[in-house]
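A.B. asks: Residue strings, one per chain:
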Amino acid sequence: MSEATEKHAPVGSLSFEDALRELETIVDRLDRGEIALAQSIEAYERGTALRQHCERKLDEARLRVERISRGPDGVETAPLDEDEG
Amino acid sequence: MSLRFYTHPIALKHDPGPGHPEAPIRMQMILRAVDDAHDLDIVRQEAPEARRDDLVRVHSAAHVGNVLDQVPRSGLMPIDADTWLNPFTGEAALRSAGAVAAAVDAVVGGPDRRAFVAMRPPGHHAEPGVAMGFCFFNNIAVGAARALEVHGLARVAILDFDVHHGNGTEAIFDSEPRVLYASIHQAPLFPGTGREGDTGVGNVFNTPVRGGTDGPAWRRALEDRILPAIDAFAPDLIMLSAGFDAHAADPLANVRLTEADFGWVTERMVELAERHSNGRIVSTLEGGYDPDALARSVVCHLRALGATT
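In order, the protein sequences belong to chains Y and D. Here the first sequence is numbered in the working numbering, starting from 1 and rising by one per residue. Here the second sequence is numbered in the working numbering, starting from 1001 and rising by one per residue.
Since no wrong hints were added, every one of them can be taken at face value.
Going by beta-carbon spacing under 10 Å, a handful of chain D positions derived as facing chain Y: (1) HIS1020; (2) GLU1022; (3) ASP1080; (4) ALA1081; (5) HIS1125; (6) MET1132; (7) GLY1133; (8) HIS1164; (9) ALA1187; (10) LEU1189; (11) GLY1212; (12) PRO1251; (13) GLY1287.
In case anyone wonders, no lab produced these hints; they're calculated from the structure. Cβ atoms here follow ideal geometry from the backbone N, Cα and C, with glycine treated the same way.
Please take these sequences and the hints and turn them into a complete structure.
C.D. replies: Below is the structure:
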């Protein structure tokens, strides 16, 4: 009936970038009214799972940066920004 | 106070097909719960078919013709993925809209001051030229337009507490200053409309809430913006798009209300109606897709409307 009912990859298997891209697509389609009433809750719940997955990935990245900055030398290493892009 | 309760057996026969959430069981459960609630003081009224002149105040003549022309002789006919007709849908849609018009006549004319329309299909997604979201004719808009044009009321306030935004009702009245349209709804969700910044001609008050919103937060959202707006508007008649799909048990949304929250908002509307509208309220069923929660919520709503002995 609608794309919202199609099979998707398990959320846990997605990279941050792929999860964010799919989340943005879902929010955009909900905002445009492109998803049927009876399916929109499935899209919303998929979007919620994607958002939580993205937040987990960000938290993991923050923890990694903290570990580096508290390394054995006690010296601060590269801030998060330098690894981006 | 007795309450006029409009319904018709055709509401049990409109059926969008197996597995569809807007199913006849919704009406069966409501009627059973109302029968079992012996404290309710209701006067049953047969829902009449809408007259063509009532429909074309808010819909194009082409839309009215298209809906009725698409009624199948047998089987099912889809308009979109959500919105399906069976052979009884035409009459059910006409009686859903006609019941709200009749309820307006009764409540404006008195002596009864409250009415509830227990009919399906619902109406608030139906736009002037589009059937969608389980809706064919915009039942509440048909009633509100009749209140303005036939009864000459100066101001009609519509509160839509269905969990989905009433895009059709807003589209019909967003440039009509005699109508205030207020909606509290989950966003993002179908149909994607209802942004807070969409204010019509200063007569539209949209309050989107996030999935997971609970009763206390939902009540505060109404108290912050919508209740003061209706109070300031001083309506001659209050109409309610009474959808009960913001209930925590509902399968189509994630707002977490209990039936007591629907009773609470109804009591607030009764207070405003007593202050401004000679107590007059016409309420009509929209969504609500957990049949058991829906039936309990409707009974709470009717009690709060004052339909008790």
